[in-house]
Amino acid sequence: AIDVDTASVPYPEAIFASTVSISRKNKSKKDRLVLGVKAIMSAGIETEIPFKLAPFNPSSEQIQVKCCELLIDRALGDTTTGEGGPVLFDLGCGDGRLLINCAKKYPELKCIGIELDNVFVTRALEQIQTLSQDLQDRLYVHEGDAMKDQVYQESTCPVANLTFIDDASILYLFVLPKGIEKLIPLLISVVDKRKSQKRNFRILSYMFKIPEWDPSVVDRSSKGSCPMYLYEFLFEE
Numbered sequence: 001a002i003d004v005d006t007a008s009v010p011y012p013e014a015i016f017a018s019t020v021s022i023s024r025k026n027k028s029k030k031d032r033l034v035l036g037v038k039a040i041m042s043a044g045i046e047t048e049i050p051f052k053l054a055p056f057n058p059s060s061e062q063i064q065v066k067c068c069e070l071l072i073d074r075a076l077g078d079t080t081t082g083e084g085g086p087v088l089f090d091l092g093c094g095d096g097r098l099l100i101n102c103a104k105k106y107p108e109l110k111c112i113g114i115e116l117d118n119v120f121v122t123r124a125l126e127q128i129q130t131l132s133q134d135l136q137d138r139l140y141v142h143e144g145d146a147m148k149d150q151v152y153q154e155s156t157c158p159v160a161n162l163t164f165i166d167d168a169s170i171l172y173l174f175v176l177p178k179g180i181e182k183l184i185p186l187l188i189s190v191v192d193k194r195k196s197q198k199r200n201f202r203i204l205s206y207m208f209k210i211p212e213w214d215p216s217v218v219d220r221s222s223k224g225s226c227p228m229y230l231y232e233f234l235f236e237e
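Sequential numbering of the sequence shown, starting at 1, is according to the numbering used here.
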């Protein structure tokens with residue numbers, strides 16, 4: 001069976017539309033979509049279907065508070081973040097609500113999200129535009145594939161040019177296990193780079209552990225005892 005995400009399949013309109021039209025009478029919507037993708041492949045057209053890290057399931061207010069306590073409060077005391085202060089990334093950030101709330105609580109924090117779904121990116125950017133200029137200058141959400149380290153669009157926002165691999169000091173993840181596995185090579189690259197820079201790096205993963213890494217803290221104090229795993233990579237001299 002082929003599992004295809006209807007929201008993220010890139011395709012040439014003519015080939016796809018003609019195949020779907022031919023099969024419309026006898027096939028379900030999903031089957032028609034699969035046939036369309038197969039037609040593109042058989043025509044010799046390369047396709048790249050972005051992998052969704054997780055379905056949209058926003059973190060509750062309680063989890064956002066715990067994120068601040070476990071992740072951001074610890075990072076604020078670091079001496080390795082430099083003059084620019086701590087930089088929070090949220091990979092697969094949905095509509096950016098966690099980033100917005102964190103930016104409101106910590107005036108020294110820069111917050112950047114990466115989200116694949118244009119609907120949620122648009123929603124996030126529209127919400128950011130309603131905020132004060134100070135918050136707008138410290139918040140941005142990029143549309144793109146979080147598994148790629150360069151997915152950034154041009155923007156006048158001062159923090160829009162910050163990249164995960166170069167600038168992140170803290171990371172929040174609410175991602176399914178398969179998504180975490182896909183992200184591991186990128187996470188390892190960031191940890192290695194922070195080690196060479198002697199800059200601390202922290203990850204908070206909600207619900208799911210990162211394979212083969214040992215968390216420094218496991219918190220189950222939230223409603224339902226859902227775990228939060230804190231990973232700390234401390235390289236201060």
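None of these hints come from the bench; they were simulated from the model. Model, not experiment: these values are computed from the prediction. Yeah, the Cβ is synthetic: ideal placement off N, Cα and C, and Gly gets one too. Incorrect hints may appear among the rest.
As the list claims (entries may be wrong) - Subject to a maximum C-alpha distance of 30 Å in a straight line, what follows is the list of computed DSS-like cross-link-like pairs (lysine-lysine):
no., residue 1, residue 2
1, 193, 66
2, 223, 148
3, 195, 148
4, 148, 66
5, 198, 223
6, 104, 209
What the hints assert, rightly or not - Computed spacing ranges between beta-carbons, pair by pair:
no., residue 1, residue 2, range
7, 216, 160, 10 to 20 Å
8, 220, 156, 40 to 50 Å
9, 155, 104, 15 to 25 Å
10, 234, 119, 34 to 44 Å
11, 161, 223, 19 to 29 Å
12, 214, 236, 14 to 24 Å
13, 156, 212, 35 to 45 Å
14, 192, 218, 35 to 45 Å
15, 130, 154, 30 to 40 Å
16, 189, 155, 21 to 31 Å
These are the hints, each one checked on the structure:
For a cut-off of 30 Å, the pair hint linking residue 193 to residue 66 stands: about 27 Å separates their Cα positions. This hinted pair does not check out: residue 223 and residue 148 have alpha carbons roughly 33 Å apart, beyond 30 Å. With a CA separation close to 21 Å, the supplied pair residue 195 and residue 148 stays within the 30 Å bound. With a C-alpha separation of about 28 Å, the suggested pair residue 148 and residue 66 falls inside the 30 Å cut-off, and the hint holds.
Between residue 198 and residue 223 the CA atoms are separated by roughly 36 Å; this puts the pair beyond 30 Å, and the hint is violated. Only pairs whose Cα atoms come within 30 Å are accepted, and residue 104 paired with residue 209 is accepted, the gap being roughly 28 Å. In this structure the supplied range 10 to 20 Å is violated for residue 216 paired with residue 160, their Cβ-Cβ distance being about 31 Å. Look at residue 220 against residue 156: about 42 Å separates their beta carbons, and that is inside 40 to 50 Å.
Range check, residue 155 to residue 104: about 20 Å between beta-carbon atoms, so the 15 to 25 Å window is met. About 38 Å separates the C-beta atoms of residue 234 and residue 119, a value consistent with the hinted range of 34 to 44 Å. In this structure, residue 161 and residue 223 break the distance hint of 19 to 29 Å, their C-beta atoms being roughly 38 Å apart. For the hinted restraint 14 to 24 Å between residue 214 and residue 236, the CB-CB distance of approximately 19 Å keeps it satisfied.
Range check, residue 156 to residue 212: Cβ separation about 41 Å, and the 35 to 45 Å hint holds. One distance hint, 35 to 45 Å for the beta-carbon pair residue 192 and residue 218, is violated here, with the actual separation near 24 Å. Between residue 130 and residue 154 the beta carbon distance is about 22 Å. The supplied range of 30 to 40 Å is therefore violated. Between residue 189 and residue 155 the CB atoms are about 24 Å apart, so this pair conforms to the stated range of 21 to 31 Å.
In this structure, the earlier hints numbered 2, 5, 7, 11, 14, 15 are contradicted, and the remaining ones agree with it.
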